[in-house]
Structure formats: structure tokens, C-alpha cells
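Visitor: The whole structure should be built from the sequences, with the hints applied where relevant.
As you go down the protein sequences, you meet chains H and X in turn.
Under my numbering, the first residue of the first sequence is numbered 1, with each subsequent residue one higher.
Under my numbering, the first residue of the second sequence is numbered 1, with each subsequent residue one higher.
Just some of the chain H residues that point at chain X, by a computed CB distance under 8 Å:
| hint | residue |
| --- | --- |
| 1 | S30 |
| 2 | F87 |
| 3 | S91 |
| 4 | Q99 |
In short, the hints are calculated from the structure, not lab data.
This one's a predicted model, so the numbers in the text were calculated from it and none came from an experiment.
Don't be surprised by glycine CBs; every beta carbon is placed ideally from N, CA and C.
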Amino acid sequence: QQPVQSPQAVILREGEDAVINCSSSKALYSVHWYRQKHGEAPVFLMILLKGGEQKGHEKISASFNEKKQQSSLYLTASQLSYSGTYFCGSSTDSWGKLQFGAGTQVVVTP
Amino acid sequence: EAQVTQNPRYLITVTGKKLTVTCSQNMNHEYMSWYRQDPGLGLRQIYYSMNVEVTDKGDVPEGYKVSRKEKRNFPLILESPSPNQTSLYFCASSRRGGGNQPQHFGDGTRLSIL
Chain H
1 QQPVQSPQAV
11 ILREGEDAVI
21 NCSSSKALYS
31 VHWYRQKHGE
41 APVFLMILLK
51 GGEQKGHEKI
61 SASFNEKKQQ
71 SSLYLTASQL
81 SYSGTYFCGS
91 STDSWGKLQF
101 GAGTQVVVTP
Chain X
1 EAQVTQNPRY
11 LITVTGKKLT
21 VTCSQNMNHE
31 YMSWYRQDPG
41 LGLRQIYYSM
51 NVEVTDKGDV
61 PEGYKVSRKE
71 KRNFPLILES
81 PSPNQTSLYF
91 CASSRRGGGN
101 QPQHFGDGTR
111 LSIL
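Guide: Here it is in C-alpha cells:
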């Protein structure tokens, strides 16, 4: 079963913050985050492994709560370049299957 | 330049006419995978391969075949395409297993099956 993302869409003004959530019903080994701009391929942002560590990429950071099987992506002081669709991916082991959520569309306006 | 190359980028074809979408990576990656992307459904994994001659089903393998005879290539075969396979397809690769490695995606192949 695919992880569930929320919200489905968010509109921000430049400089505002947003949080995207990703939850799974399975015990997870890792959570991935990718961003896809219109007409392009998804681009890797970060991976979080079991252990609840927080990672960062520019002003984008994420956390992973393995007890709750949830991850959150934090967009801080958003920039126009942050617009796109964000996908979380989850895996129950280090090897094979990677399942993605349906995506969260983020629009940052001037 | 490190990249994942898919061909063709666009294809319009008819029901039942066998087709192959090629995927090649030049990063010596062990893991390769195919996804389809449909509106509202995100990316769904079709097949993945952990190394040469090792492949396994993802979540939506029905109607597709794959093979991994060489490390760099991972073609996706539609033996008898049907309209419900109209979609945007992505190939991806990573250094090792898909669970703990960043996935590098190709530019995508848009298939229309009439």
C-alpha cells in the first residue's frame, strides 16, 4: 500500500513556511523525498533512515518518526524555486521495493 | 555526464503491437527500476532489478516484462499493449538497493496506446 501524503496541494507566498506529511501503515526502513517540476523527472532531495534523524537540503528539512511511521518535510522561508510536486517514497528494507505517495503540489507565488 | 537515458521519449501506438522502452545508465549502478506515473496516483513501481539477472515485481507488474542481461540496460517490454497502459514511464537507477540510495531518474517516456 502506497504511503499517504497530505495535503494534496498548498499555495504559499514567498517567504512562508509549509509542512508536508507522509504516513505509512507499514514498519519502515527508510523514507525518501523527491521534487518534480512540471514536465521534468523527479529529483532526489533526501533520505531518512530508521533512527528519527532530521536532514536538510537548503532550507528544506525533514524528520522521520519511525514509531509512528510518519515523515514530515518542512519548507522554510519558501522561494519561487520550491514550486513543484513533492513525493515521499517509502521502503521496508534496504533492497528492493520503493513505494511513492500520490504527491503534494506546492505553488509559491511572489 | 552521469545519466539515465530512456528511449523513445514519446510514442503513440495501437493496441496489441509489441513495444520496448529502453533504459540505460552510465553510472555502474546495481539497482534499476521502472515506474509509471498517472495523475492522482503518483509513481507506482512496475519492476525492479537488484543486479544482472535479478528482477522482481513491484506493485503494478501486470502486462509488463523486463530483463536485465547487462548491468547498464533495463528494458521495459509491453508484449500486447492496451489503452490502460497509456501513461508516463520513468526508469531510475541507484548505486545499490532502492531502500537506502538516491534514485536517479531518466527524463521519462510518454506512451499513448490507442
